[in-house]
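*Asks:* Given next are the chains, with one letter for each unit.
Number of protein chains: 2
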Amino acid sequence: MLFRQLFDRESSTYTYLIADPLNKTAMLVDPVLEQVERDLQLLKELELSLRYCLETHIHADHITSTGKLRAITGCSSVIPAGAKVVGADRFIADGETLQLGAISIEAIATPGHTDSHVAYRINGVSGAAPKELRVLTGDALFIRGCGRTDFQGGDAGTLYDSVTQRLFTLPEETLVYPGHDYRGCTVSTIGEEKRWNPRFVGRDRYSFIELMTSLKLENPKKMMEAVPANQNCGNVLFVS
Amino acid sequence: MLFRQLFDRESSTYTYLIADPLNKTAMLVDPVLEQVERDLQLLKELELSLRYCLETHIHADHITSTGKLRAITGCSSVIPAGAKVVGADRFIADGETLQLGAISIEAIATPGHTDSHVAYRINGVSGAAPKELRVLTGDALFIRGCGRTDFQGGDAGTLYDSVTQRLFTLPEETLVYPGHDYRGCTVSTIGEEKRWNPRFVGRDRYSFIELMTSLKLENPKKMMEAVPANQNCGNVLFVS
Chain A
2 MLFRQLFDRE
12 SSTYTYLIAD
22 PLNKTAMLVD
32 PVLEQVERDL
42 QLLKELELSL
52 RYCLETHIHA
62 DHITSTGKLR
72 AITGCSSVIP
82 AGAKVVGADR
92 FIADGETLQL
102 GAISIEAIAT
112 PGHTDSHVAY
122 RINGVSGAAP
132 KELRVLTGDA
142 LFIRGCGRTD
152 FQGGDAGTLY
162 DSVTQRLFTL
172 PEETLVYPGH
182 DYRGCTVSTI
192 GEEKRWNPRF
202 VGRDRYSFIE
212 LMTSLKLENP
222 KKMMEAVPAN
232 QNCGNVLFVS
Chain B
2 MLFRQLFDRE
12 SSTYTYLIAD
22 PLNKTAMLVD
32 PVLEQVERDL
42 QLLKELELSL
52 RYCLETHIHA
62 DHITSTGKLR
72 AITGCSSVIP
82 AGAKVVGADR
92 FIADGETLQL
102 GAISIEAIAT
112 PGHTDSHVAY
122 RINGVSGAAP
132 KELRVLTGDA
142 LFIRGCGRTD
152 FQGGDAGTLY
162 DSVTQRLFTL
172 PEETLVYPGH
182 DYRGCTVSTI
192 GEEKRWNPRF
202 VGRDRYSFIE
212 LMTSLKLENP
222 KKMMEAVPAN
232 QNCGNVLFVS
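Protein sequence lines, in the order shown, are assigned to chains A and B. Take any residue in the first sequence, note its place counting from 1, add 1, and you have its number in this note's numbering. Take any residue in the second sequence, note its place counting from 1, add 1, and you have its number in this note's numbering.
One thing to keep in mind: the hints can contain errors.
It does not matter which identical chain is used: a pair holds within one copy or between any two.
Think about it this way: if two alpha-carbon atoms lie no more than 25 Å apart in a straight line, the pair counts; the simulated PhoX-like pairs of lysine-lysine are [claimed, not checked]:
(1) Lys195 to Lys222
(2) Lys25 to Lys45
(3) Lys195 to Lys45
(4) Lys85 to Lys223
(5) Lys25 to Lys195
(6) Lys45 to Lys217
(7) Lys222 to Lys85
(8) Lys223 to Lys195
Please keep in mind that the hints were generated in silico from the structure rather than gathered at the bench.
Work out the full structure, taking the sequences as your base and the hints as a guide.
*Replies:* As C-alpha cells, then:
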C-alpha cells in the first residue's frame with residue numbers, strides 16, 4: 002500500500018493519499034481546495050488514477066477539493082451517510098466498505114463533532130501486520146485532543162460515545178491519523194490516545210460534556226463560506 | 002521500530018523520533034529548541050529513554066534543542082565529523098554507525114548545503130523489508146527540492162555530487178524523510194526524487210551549479226543567532 006500524509010498549513014488539515022501500487026488506483030481523504038495542484042501533480046508523478054475522494058465529514062474550516070478533482074479526473078465523491086450534501090456519488094454508512102485494489106476501507110460512524118462523521122479504517126492487504134492497521138479519525142479524535150462539538154449538529158456526549166466505544170475499542174497498535182494537528186504531530190496510536198489524551202483520560206461522559214461546553218471557541222474564519230461549499234461537494238467556487 | 006515525524010511550523014523543520022520499542026531507547030534527529038517541551042512530553046508518554054540527539058548539520062534557520070535535552074536527560078550529542086562544534090559527545094563520519102537497540106543508523110557524508118552535512122540511513126531491524134528502508138536527508142535533499150548552497154561552506158557542485166552519487170544510489174524504494182518541507186509533503190522515495198526532483202532531473206553538474214548560483218536567496222532570519230548557538234550544541238540561550 003502507498004500511504005502519504007499531506008498537510009495544508011493554513012487550515013492545519015491533513016489529507017491522505019492511499020493507493021494500491023499494483024493496480025495504480027488511488028483515493029484522497031479530506032483533500033483541500035488550495036492544494037489541488039499539489040495533489041494532482043503528485044498523482045501524476047506517481048502514475049496513479051484517482052478513483053475516490055472521501056470526506057470524513059462536512060468541514061467548516063476549509064473547502065474540499067473533491068468537486069474540482071471530480072471534474073478533472075472523473076473520480077467518485079464519497080460522503081458520510083446522513084450528510085446534507087448535494088451531488089455526491091455515494092453515501093457511506095457505518096460498517097460499509099470501499100475496495101481500492103487490494104485495500105479495503107471501512108467506514109466507522111463517529112458522530113459528535115458533526116452529526117454525520119465517519120472515521121475510515123484502512124486494513125491494507127489481507128494479512129497485514131498489526132502495526133500496519135491504520136484509522137483516519139477526521140475531527141473525532143486528534144493526537145491528544147478532539148474536534149469541537151458546538152456546531153453542525155455536534156454533540157459532546159455523542160462524540161464521547163464515538164471515541165470511547167468505536168475508536169478506543171480498536172486494537173491498541175492501530176495507527177491514528179487525524180484530520181488536523183496544531184502542534185506538529187503526525188501520527189499516534191489508539192493505545193497512546195487511550196492512555197494520554199487529556200480530553201478523555203479520567204473523564205466520564207458527564208465530565209467530558211462539561212469540558213467541551215466550557216471551551217467557548219470562536220467560529221472558524223471560513224465557516225460561512227466553507228460549509229455551504231462543502232454541502233455541494235466543494236463546487237460553489239468554480240462552477241460557472 | 003517506532004518512527005515519528007514531528008514538525009516545527011515556524012521553521013518548517015522536521016524532527017525525527019526513532020526508538021527501539023523493546024529496549025525503550027530513543028534518539029531525536031534535528032530537534033528544535035522551541036519544541037523541547039512537546040518532545041520531552043512525548044518521550045515521557047512513550048516511556049522512552051533518550052540516548053542520542055543527532056544533527057544532520059549545523060542549522061542556520063533554527064536553534065537545536067540538543068543542549069537543553071542533554072542537560073535534562075543526559076543524552077549524547079552526535080554531530081557530523083568536521084563541524085565546528087564545541088561540546089559534542091561524538092563526531093560521526095561517513096560510514097560510521099550508531100546502534101540503538103536493534104536499530105542501526107549509518108551516517109552518509111552529504112556535504113554541499115554546508116561543509117559538514119550527513120544523512121542518516123535507518124536500516125531498522127536486520128532483515129527489514131525493502132519498503133522499510135529510510136534515509137533522513139537533512140537539507141541535502143528535500144521532496145522535489147534541495148537545500149541552498151550559498152553559506153556555511155556550502156558548494157553547489159559538492160551538493161550535486163552528494164545527492165547524485167550518495168543518495169540517488171540508494172535502493173529506489175528507500176523512503177526519503179527530509180529536514181524541511183514547505184509544501185505539506187511528508188515523505189518521498191529515492192526513486193521518486195530521481196524521476197521528479199526539478200533541481201536534478203535533466204541537469205548535469207554545471208547546470209545545477211548555474212541554477213543554485215542564480216537563486217539569490219535572503220539569509221534566514223535567525224541565522225546570526227542560530228549558527229553560533231548551534232556551534233555550541235544549542236547551549237548559548239540557556240546556560241547562565
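*Asks:* If a hint holds in the structure, say so; if it doesn't, say that too.
*Replies:* Hints versus structure:
1. Lys195 to Lys222: So Lys195 and Lys222 fail the 25 Å test inside a copy (31 Å) and across (40 Å) alike.
2. Lys25 to Lys45: Cα proximity of Lys25 and Lys45: one copy only (11 Å, versus 41 Å across).
3. Lys195 to Lys45: Cα proximity of Lys195 and Lys45: across copies only (15 Å, versus 39 Å in one copy).
4. Lys85 to Lys223: Answer is within; shortest intra-copy Cα gap is 19 Å, inter-copy 48 Å.
5. Lys25 to Lys195: Classified as between; 20 Å across copies, 36 Å inside a copy.
6. Lys45 to Lys217: neither (43 Å within a copy, 31 Å between copies)
7. Lys222 to Lys85: Cα proximity of Lys222 and Lys85: one copy only (21 Å, versus 47 Å across).
8. Lys223 to Lys195: Answer is neither; intra-copy 32 Å and inter-copy 39 Å both fail.
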